[in-house]
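Same order as they appear, the protein sequences are chains F and G.
Heads up, this note's numbering is the position in the first sequence plus 101, with the first residue counted as 1.
Heads up, this note's numbering is the position in the second sequence plus 101, with the first residue counted as 1.
The hints are simulated quantities; they were obtained by calculation from the structure and are not laboratory data.
Among the clues, some could well be false.
For identical chains, the list gives no copy identity; a pair is met inside one copy or between any two copies.
To be verified - Each computed DMTMM-like pair below joins lysine to aspartate or glutamate, with the alpha-carbon atoms no more than 20 Å apart:
#	residue 1	residue 2
1	K188	E143
2	K336	D270
3	K302	E128
4	K332	D170
5	K105	E176
6	K247	E171
7	K276	E248
8	K316	D131
Given next are the chains, with one letter for each unit.
Protein chains: 2
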Amino acid sequence: MPGKLYGVGVGPGDPELLTIKAKRILERADFIAIPKTAADKESTALSIVEGAVEISKEVIELIFPMSFDEKLLEESWRNAVLQIKEKLDSGKDVAFVTLGDPTIYSTYIYIHKTLLDEGYECEIVPGITSFCASAARVGVSLGENKETIAIVPSAYECENLDNILDSFDNIVLMKVSRSLPKLKDILKQKGLWEKAVIISKCGFEDEVIEFDIEKAAESKLSYFTTMIIKKGGIK
Amino acid sequence: MPGKLYGVGVGPGDPELLTIKAKRILERADFIAIPKTAADKESTALSIVEGAVEISKEVIELIFPMSFDEKLLEESWRNAVLQIKEKLDSGKDVAFVTLGDPTIYSTYIYIHKTLLDEGYECEIVPGITSFCASAARVGVSLGENKETIAIVPSAYECENLDNILDSFDNIVLMKVSRSLPKLKDILKQKGLWEKAVIISKCGFEDEVIEFDIEKAAESKLSYFTTMIIKKGGIK
């Protein structure tokens, strides 16, 4: 009988934010599959797992390059699927770890769908999202009562941003560092300037929290930077 | 020195979806505060906690009636704040448990803000949201690549729903059971009929998953029912 694939969300950074289930699956699985952007790079997801689970088993490193080249990406996915299938076919369970939650902008979903279509048993283990951890960190609610929430993964390329900023009560902009200089002007114009907070690398040692968007726009912030805009006020 | 208040998200139902941190805080806190809708009702949050943590300490029951009467609600909040303050003032730590995540439509936020303003130390411990657990359960991603996500807590009363359904890639409608007969027609009209899935009481014994919205609209579903609409297709 083939093994089972688990897509395990490990949360945004703090190892204590793994769920009890994630910990159990990672401890019991025969192999842990770790996504990396390059063979010589550290895996952020692995460092989180190591903070919560003692790993004595074999780790499969899967390379997903930071690229917009679809051919290259497809090749890396196909390669990852093959490596995982080999373990599953030998009856071993594989836990694929992803930052945050596997259903929120993760590379895992493609592998899940492909292997599910091929008849393998696959299960998603949810994780703490970066936006929930960020909101918790700064003590801001993402939604109260009838308030709507918009989540935009890439403000830089969002054609609908103007409409979203106008019509939603709360807006989460993920991976926002590149867009800050542009966003600064839009937010000032819309009077949302003082209703935003920026959280970079939430839960890591080099975490940054910034209520001053002007200052944030001038800083060199990580790729893992989130902005929360709350029309009711962030304080 | 006064004690510390923790707002602890316990996830949507499965006790294994508590985080390691939530478990630690609940085990160490001197008091666990539990929201209930009425004195004689079971607390859903408490039943989740009891599945993961051995509770030998005193539980403070806080009544938040299901009501739209603002005076009544304010009174229940004030009362909850007083009960918690009494424990904090005696140097005891209190863990207030909330379903899902404390920053996503929880009653905890009001208490957090009030006690923070009064100078008490308060911390939010994030939890697994019902929509992430639901998406994981049915193997659907809430967002891929540049896709936007809208979260609407109460479709019945959302004036902007038409615009949201038109302009977002993925839409989460929470507490949707009341709105189903009305939504059915809107979704049919917009061609979103077969791009939606309904998950009711995710992780509980009486969980319902329904890909047929017509059938779902005819069923008597719980208050804890979520619809995920994914324009890229749910399968």
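Structure-based check of each hint:
no., hint, verdict
1, K188 to E143, "neither (23 Å within a copy, 45 Å between copies)"
2, K336 to D270, "within (15 Å within a copy, 30 Å between copies)"
3, K302 to E128, "neither (26 Å within a copy, 28 Å between copies)"
4, K332 to D170, "neither (38 Å within a copy, 24 Å between copies)"
5, K105 to E176, "neither (23 Å within a copy, 51 Å between copies)"
6, K247 to E171, "between (40 Å within a copy, 14 Å between copies)"
7, K276 to E248, "between (23 Å within a copy, 13 Å between copies)"
8, K316 to D131, "neither (47 Å within a copy, 41 Å between copies)"
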